[in-house]
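Student: Residues per chain, in single letters:
2 protein chains.
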Amino acid sequence: MRQAGRYLPEYRKLREKYSMLGMVRNPELAAEVTMQPLRRFDLDAAIIFADILLPLPLIGVDFSFIEGVGPRIHNPLRDPRDAERLREGDPEEELRFVAEAITLVREKLDPDRALIGFAGAPFTLASYIIEGGHSRNYLETKAFMYSFPDRWNMLMEVLTRVTIRYLKMQVNAGAQAIQLFDSWVGALSPGDYKHYARPFTSRIFSSLTACSVPLIHFGTGTSGFLGEMRSAGGTVQSVDWRIPLGKAWEIIGFDSAIQGNMDPLAMMAPVEVLKRKVEEVLEQAGTRDGHIFNLGHGFLPQTPVENVEFVVDLVHELTSGSR
Amino acid sequence: MRQAGRYLPEYRKLREKYSMLGMVRNPELAAEVTMQPLRRFDLDAAIIFADILLPLPLIGVDFSFIEGVGPRIHNPLRDPRDAERLREGDPEEELRFVAEAITLVREKLDPDRALIGFAGAPFTLASYIIEGGHSRNYLETKAFMYSFPDRWNMLMEVLTRVTIRYLKMQVNAGAQAIQLFDSWVGALSPGDYKHYARPFTSRIFSSLTACSVPLIHFGTGTSGFLGEMRSAGGTVQSVDWRIPLGKAWEIIGFDSAIQGNMDPLAMMAPVEVLKRKVEEVLEQAGTRDGHIFNLGHGFLPQTPVENVEFVVDLVHELTSGSR
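In order, the protein sequence lines correspond to chains A and B. Residue 318 is where the first sequence starts when you use the numbering used here, and the numbers rise one by one after that. Residue 318 is where the second sequence starts when you use the numbering used here, and the numbers rise one by one after that.
Hints are not guaranteed to be accurate.
Stretches of chain A that chain B covers, calculated by requiring three or more beta carbons in the stretch to come under 8 Å of a beta carbon on chain B [claimed, not checked]:
(1) 386–398
(2) 529–542
In the EDC-like style, the derived pairs of lysine to aspartate or glutamate whose C-alpha atoms are separated by at most 16 Å in a straight line are [to be verified]:
(3) LYS564/B <-> GLU545/A
(4) LYS334/A <-> GLU384/A
(5) LYS511/A <-> GLU597/B
(6) LYS485/A <-> GLU597/A
(7) LYS485/A <-> GLU384/A
(8) LYS334/B <-> GLU349/B
(9) LYS564/A <-> GLU409/B
(10) LYS425/A <-> GLU545/A
(11) LYS485/B <-> GLU417/B
(12) LYS511/B <-> GLU597/A
(13) LYS485/B <-> GLU409/B
(14) LYS592/B <-> GLU634/B
No lab work stands behind these hints, which were simulated from the structure alone. We put the beta carbon where it would ideally sit given N, CA and C, even for glycine.
Construct the complete structure from the given sequences, taking the supplied hints into account.
Tutor: Next comes the structure, spelled out in structure tokens:
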């Protein structure tokens, strides 16, 4: 999950001077923000500071972040015919700054810490492109995919191709693992997931297999189709807090690694509740290899910094030696 | 699910003259709105036109509906000490109009159609009371329950007691089945569900067992803890579209009835897609007894009326004789 962000005072200080996208597009600043949580906490990996929406302009979709609201797409794709007119930019040119930030972080990062690159999965990106921002029910997205399956496929195709090139660029620049965020795919039924989303995610994972880096497959609200998610690919399946980790691992298969699955809201709890929640996740994981302790989704800006430190240290303490 | 509403032109016509709460609080109008979908569609049951937030004023929490936004709580419960000062009104006095509407509908309704009464479950009501309206992440609700467990219990206790009395009143007035809406409980982890929500839902169901009416237990996003939901009680478990119905029924147990589970957004699909989706749900249900065909959540205002008619007729056609 994104580790940097508004819960860190040093991040908020930078944000007084720069916009979020201003920092993302400046490799030195993006590298600095990526390193911020690593200076504070004993984390095993860093994740590059970027945003899943960055590739949108490469297909002709423009966006910005509205303070207190979130992402806003300036030209949402509502007329299905527009799917035929999407461009296909080159990440090596237009998202060069992400590669440069990755290379910079690798120079600064302790060699025993991994750097994770990432991208949004096609369904999740398509939902922003069609809805124009966040959505409660994905009305426009679902109506589009049900009504115009050919144009849906066109949109998903171009997102798939751009994402593959974008992620390969990140690996070439030094990313040692890749996370694919299908954050909103849990809005779909299992049948719709298999039909409208999985073929594209699956192509991304199979295209990246040759890169020989761990591939983390992220979703939320997917408790009902974890097996289908796994079959799309990825070497690590990320699960959210809505299912016990042990049950999720059993469904996914113990031959796969797993990431998760503490509720990010548990970070707001008093320390004794938080401790119990960390212990519950670790008990569910048991002594098997292949568990990455993480939240089930990103940090909230309101997260107390001292709780992050507490959790990171507790996880190391409880897992040292035994795992 | 609520069957009446903004997707019906005859409902929109009434709404030009009356507010939503104005109609709910007027037994004649509430009965009329309840009957509207029954006049158009060959439905097996009617559900009383009301709102899950109606009992809130009974504990001292006031709300209204803001056009285009949704419910807004005027005095959200943020100071935990306020949980000690909640009042406990009498539904027989303050929600008498719901009982009257139920009695009126029973007089009008074809005797072979059932009338369903309903209420919101304590966790879902508490989330509105604490957040002040809809929420993306339930930050305030979870922070409250983690930080002030005693005050959380006080709030849940009073909601539980009022809900039991409210539902008994509905059965006494003529409701032939009860649905308990724990619409947002899927935001919780299974552990938190068991700890902070289930004890109260469980008490409601056990208090209603003596009423000898079917009890429908509704949730969304609960694919990861359907077994825990079932153990809270209810004779019918309602599941959403995020899990195949067959898999859900297996987890819940085939000795329980099940309700669901078409995606309400599928109602926006062209008729050939919609047909496939109805068939998928019925195939998953198989030829067992105890399946109530329904959506996994309520109708959207944008739902085309002709699609509702198509689905109702198709379900009857495909299930007549065989089930």
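Student: Confirm or reject each hint.
Tutor: Structure-based check of each hint:
1. Counting residues of the region 386–398 of chain A whose beta carbon lies closer than 8 Å to any beta carbon of chain B gives 0, which falls short of the minimum of three for the stated coverage.
2. Figure legend: the region 529–542 of chain A, annotated as covered by chain B; annotation consistent (5 residues with Cβ-Cβ distances under 8 Å, at least 3 required).
3. Between the alpha carbons of LYS564/B and GLU545/A the distance comes to roughly 13 Å, so the proposed pair stays at or under 16 Å and holds.
4. For the proposed pair LYS334/A and GLU384/A, the alpha carbon gap of about 14 Å is at most 16 Å, so the pair holds.
5. For the hint pairing LYS511/A with GLU597/B, the CA-to-CA distance comes to about 14 Å; that is within 16 Å, so the pair holds.
6. A threshold of 16 Å between alpha carbons decides the hint, and for LYS485/A with GLU597/A the separation of about 36 Å lies outside it, so the pair is violated.
7. For the hint linking LYS485/A to GLU384/A, the alpha-carbon distance of about 32 Å lies beyond 16 Å, and the restraint is violated.
8. Proposed proximity of LYS334/B and GLU349/B is supported: the alpha carbons are some 14 Å apart, at most 16 Å.
9. Proposed proximity of LYS564/A and GLU409/B is contradicted: the alpha carbons are some 44 Å apart, above 16 Å.
10. Distance check on the hinted pair: LYS425/A and GLU545/A sit about 38 Å apart at the alpha-carbon level, beyond 16 Å; violated.
11. A hinted pair counts as satisfied when its Cα atoms are at most 16 Å apart, and LYS485/B with GLU417/B qualifies at roughly 14 Å.
12. A C-alpha spacing of about 14 Å is found between LYS511/B and GLU597/A, which places the hinted pair at or below 16 Å, so the restraint holds.
13. At most 16 Å may separate the alpha-carbon atoms for a hinted pair to count; LYS485/B and GLU409/B meet this at roughly 10 Å.
14. Distance hint between LYS592/B and GLU634/B is fulfilled; the C-alpha atoms sit about 12 Å from each other, no more than 16 Å.
Figure legend: structure checked against the earlier numbered hints; hints not met, in rising order: 1, 6, 7, 9 and 10.
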